[in-house]
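As given, the protein sequences belong to chains Y and S, one line each in that order.
First residue of the first sequence? That's 7 in our numbering, and the numbers climb one at a time after it.
First residue of the second sequence? That's 7 in our numbering, and the numbers climb one at a time after it.
Treat the hints with care, as some may be off.
One copy or two, it doesn't matter: identical chains are merged, so the pair holds either way.
Below, simulated EDC-like cross-link-like pairs (lysine to aspartate or glutamate); rule was C-alpha separation at most 16 Å, straight line [said to hold, decoys possible]:
#	residue 1	residue 2
1	K331	E61
2	K331	D185
3	K331	E211
Think of the hints as simulated: they come from the structure by calculation, not from any bench.
Number of protein chains: 2
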Amino acid sequence: MTKPPGSLGVLEDVAAQLAGTAGACPPPLPEPAVVAVFAGDHGVHAQGVTPWPQEVTAQMVANLAGGGAVVNAFAAQLGAEVVVVDVGVATPVGPAAGLLERTVRRGTADLSVGPAMTLAEARQAVEVGIEVATTLAAGHGCLVTGDMGIGNTTASAALVCAFTGAAPAAATGRGTGIDDPTLARKVEVVTRAVARVPGRPATPEAALAALAELGGLEHAALAGFVLGAAAARVPVLLDGVIAGAAALVAAALCPAALEHALAGHTSAEPGHGLALHALGLRPLLGLDLRLGEGTGALLSLPLVASAARALRDVATFDSAGVTEK
Amino acid sequence: MTKPPGSLGVLEDVAAQLAGTAGACPPPLPEPAVVAVFAGDHGVHAQGVTPWPQEVTAQMVANLAGGGAVVNAFAAQLGAEVVVVDVGVATPVGPAAGLLERTVRRGTADLSVGPAMTLAEARQAVEVGIEVATTLAAGHGCLVTGDMGIGNTTASAALVCAFTGAAPAAATGRGTGIDDPTLARKVEVVTRAVARVPGRPATPEAALAALAELGGLEHAALAGFVLGAAAARVPVLLDGVIAGAAALVAAALCPAALEHALAGHTSAEPGHGLALHALGLRPLLGLDLRLGEGTGALLSLPLVASAARALRDVATFDSAGVTEK
Chain Y
7 MTKPPGSLGV
17 LEDVAAQLAG
27 TAGACPPPLP
37 EPAVVAVFAG
47 DHGVHAQGVT
57 PWPQEVTAQM
67 VANLAGGGAV
77 VNAFAAQLGA
87 EVVVVDVGVA
97 TPVGPAAGLL
107 ERTVRRGTAD
117 LSVGPAMTLA
127 EARQAVEVGI
137 EVATTLAAGH
147 GCLVTGDMGI
157 GNTTASAALV
167 CAFTGAAPAA
177 ATGRGTGIDD
187 PTLARKVEVV
197 TRAVARVPGR
207 PATPEAALAA
217 LAELGGLEHA
227 ALAGFVLGAA
237 AARVPVLLDG
247 VIAGAAALVA
257 AALCPAALEH
267 ALAGHTSAEP
277 GHGLALHALG
287 LRPLLGLDLR
297 LGEGTGALLS
307 LPLVASAARA
317 LRDVATFDSA
327 GVTEK
Chain S
7 MTKPPGSLGV
17 LEDVAAQLAG
27 TAGACPPPLP
37 EPAVVAVFAG
47 DHGVHAQGVT
57 PWPQEVTAQM
67 VANLAGGGAV
77 VNAFAAQLGA
87 EVVVVDVGVA
97 TPVGPAAGLL
107 ERTVRRGTAD
117 LSVGPAMTLA
127 EARQAVEVGI
137 EVATTLAAGH
147 GCLVTGDMGI
157 GNTTASAALV
167 CAFTGAAPAA
177 ATGRGTGIDD
187 PTLARKVEVV
197 TRAVARVPGR
207 PATPEAALAA
217 LAELGGLEHA
227 ALAGFVLGAA
237 AARVPVLLDG
247 VIAGAAALVA
257 AALCPAALEH
267 ALAGHTSAEP
277 GHGLALHALG
287 LRPLLGLDLR
297 LGEGTGALLS
307 LPLVASAARA
317 LRDVATFDSA
327 GVTEK
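Chain Y extracted, bound-state conformation (with noise of 0.2 Å):
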C-alpha cells in the first residue's frame, strides 16, 4: 500500500483481525451491520442502586423498537439495523417490529441476596444470544453489541470483580450519574454479592455458575452472542461495561471466541476499562460515554469498515508508480 509501514496505527492491528476472522485477505466490508439490543431487569433494582424506575427499561425497549432511541438515531447516520431482544424484561413490552421476544423469565432475582437466576435459565439466556448470532450472520458482516436494562451496571460490576479479581470499589461507578449515597450502597451490594462467587472461575463450568450468580439475562444473552458470532466468523464489535462483563464471561466460556471480537469504545465506567484490560483488548473510541445501547460500539464501526477498505482499494507503489525510500 502506498503508505509508510505502521501509519495506519491501531487500524493495522484491525485490519489483520479481520482477514483472520475471515480467512481471507483482503476482508469483506463488514456491512451490513446490525446492532442486537439485549434487554433484561435486574431484581437488584430493589435495593436503591439507581434512581430510574424499574418501568423505564420497557419504556425504553419500546422507545427502541419504535427508532427513538440514540442508537437508533446513530443507526440511521451509519447505515446499520437495530434489532431489540427482550431476554428479561419485568414487565411484557408487546409485539412491535424489529422487537424478537426471547424471554427466558421476567427479570433476575436480588442478586445482593442470593442467585440471580437458574443455572439452566443462564444456559438458556446463552443459548438465545448465540441463537440471535447464528441468524444474523447469515445475512450481515459485522454484529454489534447493545444492552438495556435499569441497574445493569451493578451486575456488571459483579461480573468484572468475579471474573477479573477487581475490588468492588474500584469496579463499581456512576452508571448513569448517580450520587455518592447511592454510589455507596451499590459497592455495598457489589461486594456482598461477589462474596458469594469463590475465586475466578477458571472452568465453563465455574463461568456459567458465576453468571447465574451474579448476572443479568442480557449479559448472559451477550456472552451467547459473542460466542456465536465467533462460531460464524463474523467480527462482532463490544459496546460499553455490560457487553466487556459479559465478554468476560464468554472468554471464560471459550477463549479463542474472543479473537473474533473488537472493543469499539471505552466507557466512563470504570470497570470497562478493567474487562478490557484482562481481557487485552484496545478500545477503538474514548469519548466517554456512558449511555450502553450500543452507541459506542456502533461509533467504532465506521473506523472498521474503513480499515477494511484500505486493504482492499489502496493502491501499491508499484501500481501508483510512487518511489519507495
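Please build the complex by placing chain S on the supplied structure of chain Y, with the hints as guidance.
Relative to chain Y, chain S alone:
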C-alpha cells in the same frame, strides 16, 4: 432526549459546537463532507530529515488525484469527496480531475538556513486556503483538512515550537518512521530554525512572519482554510500535526476562527499533542495514526455526523412515554 444527562460524553460538546457554528439547533448534518489535501514541498528536505525522496510528493499528488491513496479509500467508505490542491509541489504534476493548481512557488526554501518563503508568498498561500474553503463551503456541510508533502513534519515541529514555546526535542517526532540519527538531525535543524523567531507571535503580523520563516506552503494554505471555514460558518475537522501547526497560525491570525474547528484525532507525532493542548482542542480519536492526507480527521466525520443526528432524531422522554428519574 431519551438518555441520561451527559451520557454522550464528548459528543455532547461536539453537538453544541455544531449548533453554535450553524447558529441553529438542531444543526444541519455535516454533509456532504470534502477533504482538501493541500500539497507542497520543503526545501529542508536537503538536510536529510527524511529517507523519502522529494519526488514522492508529486507522485502521491497524482495518486491522490487518481483515487489510489488511503484517504481516497476512507472517503469512498465514508461518503466524502477529496480534492487535491497543489499549493507548492516542487515539480509540475499536470492537470488531473480533482486537482486544483494553485501553485504559489515550487517548494519552500530550506528553513534551516533562512526564511522558507517571503511574507508575500505566505500571504498568498493563506489566501489560497481561504479561497478553497469559501468555494467548497458553498456546496458542503463539512470541510476536512488534508496534507501531503515530504518533509512537512519538520516544518510542523518548527511552527509548533515557535507558536507554543515547546522545546524542539519535545515537539519533533519520527514522521513516517525515521531512525535515531535522522531524528537527531531533524531536532538540530528545528532548533536552529526556531532560534531565528524572537518569542511567541503575539500579533497577526508576527504570526505571518513566523509562518514565512518556518512554515510550508501547505501550512499557510491550511491556516487560510481554517479561517475560510470559520467565515463561512462551516465546521472544519483538523487532521494531524500539519493541520495542528497550521491551526496555531490561524489562531494567532484570528482566535475566534478556532471556535468552528474540531480536532479529528491525535497522531503519533509528539508536536501534535502539544499543538492541540495549546489550542484547547480535545481530539476525537487516538489511533496512533501518522499518515496525514486527512485520514485521521476524515475518520472522525461519522462521530461528528452522529452527534448532529442525535440532536435531530432522538425522541424526548415525553414523546416516547419514558418516565424520567
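Hint check:
1. In this assembly of identical chains, K331 and E61 lie within 16 Å of each other by CA distance solely across copies; the values are 11 Å between and 63 Å within a copy.
2. When the C-alpha separation of K331 and D185 is checked against a cutoff of 16 Å, the pair qualifies only between copies, where the shortest distance is 13 Å, while the shortest distance within a copy is 57 Å.
3. Proximity of K331 to E211 under the C-alpha cut-off of 16 Å is found in neither arrangement, the shortest distances being 55 Å within a copy and 39 Å between copies.
When each numbered hint is compared with the structure, a violation occurs for hint 3 only.
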